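**Q** Take a look at the letters that make up each chain.
There are 2 protein chains.
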Amino acid sequence: MEAKPIDLKRCAIHTRTNKPWSLAECCAAYAKRGVGGVSVWDDAYERIGSEEAKRIIDDHGLGVPALVRGGFFTSLTEQERDSSLDHNRKLLDDAAVIGADMLVLVVGATPGMSLVEARKLVTDGIEKLLPHTEQTGVKLAIEPLHPMYADNKSCINRVAEARAVCERLDHDLLGVALDVYHIWWDPDLKVEIETLGIAGRTFGFHVCDWKLDTNHLLTDRGLMGDGVIDVRGIRGLVEASGFSGWTEVEIFSERYWAMDQNEYLDLIVERLKSST
Amino acid sequence: MEAKPIDLKRCAIHTRTNKPWSLAECCAAYAKRGVGGVSVWDDAYERIGSEEAKRIIDDHGLGVPALVRGGFFTSLTEQERDSSLDHNRKLLDDAAVIGADMLVLVVGATPGMSLVEARKLVTDGIEKLLPHTEQTGVKLAIEPLHPMYADNKSCINRVAEARAVCERLDHDLLGVALDVYHIWWDPDLKVEIETLGIAGRTFGFHVCDWKLDTNHLLTDRGLMGDGVIDVRGIRGLVEASGFSGWTEVEIFSERYWAMDQNEYLDLIVERLKSST
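Protein chains in written order, with the working numbering: chain C, 1 to 276; chain V, 1 to 276.
Chain C with its partners taken away, still in its complex shape (with noise of 0.2 Å):
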């Protein structure tokens, strides 16, 4: 499946991926290189508000993909649950002032909860969202995570347990956010991103790279081309299952917070043209 040349237009950057820069230097830096989108993490508006941010980001004329991150609704009590509800419903308020299409939802996984259960308490969970979700109209999108976080950080670590909430939920507000990083090992890979395609349940598109000598979980990610994942063929893949969206940069990396980040900048804008 060939991938379309990249539109920088229709590319965005997650403000983590900077993470050293503020949102205001986010967006000047990614304005000036031509990339029309930014991707919004809570702690890049936490000191400065949602309205003053959407300021920022409107000066600069970029779109914003997603407000970035919501979910963890599997808490062992209701009351802990209900919070974390509440807490979702002020993101989704947050992502309506910014203008943001959608909420990236982290599902949560809880130690000593089967991953059956924690499934079900998501699908619940998102459920109860649905009502603020049609109020604000902005989308949820589910984000599998790779297995390895599979202890304490979701209990979703395939595209087919996202489509399958998606499916029981049946909403047009509710859909899936798929990122390179976790889901590129799958070998139920090309049906499900076709089979999601078809339901026009891809919300999100997010890139980075593997790397071989990983030496962290979190914060060792690579820059596309860095590493083993044929980003530009899953990015093919997608595009012909009639994803239209943005195509998002969401790398951690320590390495690269440690770079001067308009070098960086320059690096990820010429990866994004030579190897997504």
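These are computed hints drawn from the structure, not numbers from a lab.
As the structure is a prediction and not an experimental result, all values here were calculated from the model.
We put the CB at the ideal spot given by N, CA and C, even for glycine.
Be careful, since some hints might not be right.
To be verified - Straight-line C-alpha distance at most 25 Å; calculated SDA-like pairs for lysine to any residue: (1) C:Lys273 x V:Met113; (2) C:Lys54 x C:Ala24; (3) V:Lys153 x C:Ser275; (4) C:Lys120 x C:Leu130; (5) V:Lys153 x C:Tyr149; (6) V:Lys211 x C:Leu218; (7) C:Lys211 x C:Ala24; (8) V:Lys153 x C:Leu218; (9) C:Lys153 x V:Pro187.
As the list claims (entries may be wrong) - Cβ-to-Cβ under 10 Å is the rule here; a few derived chain C residues that face chain V: (10) Ser114; (11) Lys128; (12) Pro131; (13) His132; (14) Gln135; (15) Pro147; (16) Asp151; (17) Trp185; (18) Asp186; (19) Trp210; (20) Leu212; (21) Thr214; (22) Leu217; (23) Arg232.
With chain C's structure known, arrange chain V on it following the hints.
**A** Just chain V now, with coordinates in the frame of chain C:
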């Protein structure tokens, strides 16, 4: 699925678990504690040879579930793949001398090669090994590895793909080694264990645990009870599916290797009883 009380006589420990010890030290310590078997890594007899290894193991009356590890079928050139097959034949010879029931296969993965293509090479490679497998009478056990090893260690990351290779080659001496570390997260685990059991393809069962604070992808495994895996629940499923073989302890851990190995072994035996 309730697991039966553990029987130490049907438990074995991989020499790599007590890496600081020689084979003789391992065998003496295991036998002293009533552990019935030892699974032998190739570096454990490298200097003494397979016949001396056999004598040491017999002196302590231990069984040998497995020689670890063969495989690595996905090299880029035919010459390298042939050389790898020759190495596997030598390992089968060693296994026959030592009296190991099976050779465990870590099948390999090669950066730049698709996982689908790699699985074809794995199937070809195992097929070419089968005549030597028949000559030696040593079983081959494909070990699916966790998806975090799909970059350069294994293109078989779920039980389903290991089973598919077994079905394709359909040989009584070819089966699967199940390691809870690699498979615990799999949403299809229950049905895959049952299907494998019906086919009589479960040759090995390895135990350890997945720690919440895992800090290294290779050498930070937990002892049963240290982490999030329902080891006893999985053992119950495996036994209910018809498996009556060894329970093998295989733990790579810098932390535990730094301990006094006798104290560590006491802890292993305790956890076999309490958390396996």
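**Q** Next item in the hint list is histidine 132 of chain C. Is there a CB on chain V closer than 10 Å to its CB?
**A** Result: violated, 28 Å to nearest chain V Cβ.
**Q** For the pair we were handed, lysine 211 of chain V and leucine 218 of chain C, check the Cα-Cα distance against 25 Å.
**A** It holds: about 15 Å lies between the C-alpha atoms, which stays within 25 Å.
**Q** Decide if the proposed pair is consistent with the structure: lysine 153 of chain C and proline 187 of chain V, CA atoms, cutoff 25 Å inclusive.
**A** Holds. Lysine 153 of chain C to proline 187 of chain V sits at ~16 Å (cutoff 25 Å).
**Q** Check whether the Cα positions of lysine 211 of chain C and alanine 24 of chain C lie no farther apart than 25 Å.
**A** 30 Å, violated
**Q** Hey, lysine 54 of chain C versus alanine 24 of chain C, does the alpha-carbon distance stay inside 25 Å?
**A** 11 Å, holds
**Q** With the threshold set at 25 Å, check whether the alpha-carbon distance from lysine 153 of chain V to serine 275 of chain C stays at or below it.
**A** Judged against 25 Å, a Cα distance of about 23 Å means the pair holds.
**Q** Taking the closest Cβ pair, is proline 131 of chain C under 10 Å from chain V?
**A** The hint is violated - proline 131 of chain C has no Cβ within 10 Å of chain V, the shortest such distance being about 29 Å.
**Q** Please check whether serine 114 of chain C passes as an interface residue: C-beta within 10 Å of a C-beta belonging to chain V.
**A** Because about 7 Å separates serine 114 of chain C from the closest Cβ in chain V, which is inside the 10 Å limit, the hint holds.
**Q** Does the interface hint hold: is glutamine 135 of chain C within less than 10 Å of chain V, judged Cβ to Cβ?
**A** Where the cut-off is 10 Å and the nearest Cβ of chain V is about 33 Å from glutamine 135 of chain C, the hint is violated.
**Q** Is the shortest C-beta separation between proline 147 of chain C and chain V less than 10 Å?
**A** 4 Å, holds
**Q** Within a Cα-Cα threshold of 25 Å, do lysine 153 of chain V and leucine 218 of chain C meet the stated pairing?
**A** With a Cα-Cα distance of about 20 Å, the restraint between lysine 153 of chain V and leucine 218 of chain C holds, given a limit of 25 Å.
**Q** Please work out if lysine 120 of chain C and leucine 130 of chain C have their alpha carbons no farther apart than 25 Å.
**A** 16 Å, holds
Hint compliance for this structure: hints 7, 11, 12, 13, 14 and 23 are not met, and every other hint is.
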